[in-house]
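Generate coordinates for the entire structure from the input sequences, incorporating the hints supplied.
Going by my numbering, the first residue of the sequence shown is number 17, and it counts up by one from there.
What the hints contain is simulated information worked out from the structure, not anything from laboratory work. All residues carry an ideal CB built from backbone N, CA and C; glycine is no exception. Accuracy of the hints is not assured; some may be wrong.
[As the list claims (entries may be wrong)] Estimated spans, in silico, between C-beta atoms of each pair:
no., residue 1, residue 2, range
1, 76, 132, 15 to 25 Å
2, 28, 76, 36 to 46 Å
3, 93, 66, 29 to 39 Å
4, 76, 133, 29 to 39 Å
5, 43, 118, 21 to 31 Å
6, 77, 28, 20 to 30 Å
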Amino acid sequence: MTDEATGFFTREALYGASPVQAVGRFFAKYFNFRGRASMSEFWWVFGFLVLISVSIGIIDRHFGVDIETIAEAVLVIPVVSLMCRRLHDSGRTGLLCLIGFIPVFGGIALLFMMALPTRDCAAL
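This is the structure we're talking about:
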């Protein structure tokens, strides 16, 4: 498949991404901290990760296994990568992801930044 068909390997954001496209790009761009991610890409993946997290939490509690820690370790890099690309699309530097390390308020502030609109002169 070509870049135009999937959009997986381009640096451009996919505006109006479907849930399948957004999740596919999320995993395809696992280590890609450059480029942009549209609001639809980010929020579809966010919803997907919430569903996965809740499902894994239920499995952990029901069966007494610790899958959640493994899932978090596997997903931390692509989540930070997606947040950096989303910040780029809103015209901000990806280094603002570091705000997430501030207890309580950092995560909330970062979540609000993910909702900022797209800007043409975004920092890449």
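Hints that the structure is at odds with (numbers, increasing):
1, 3, 6
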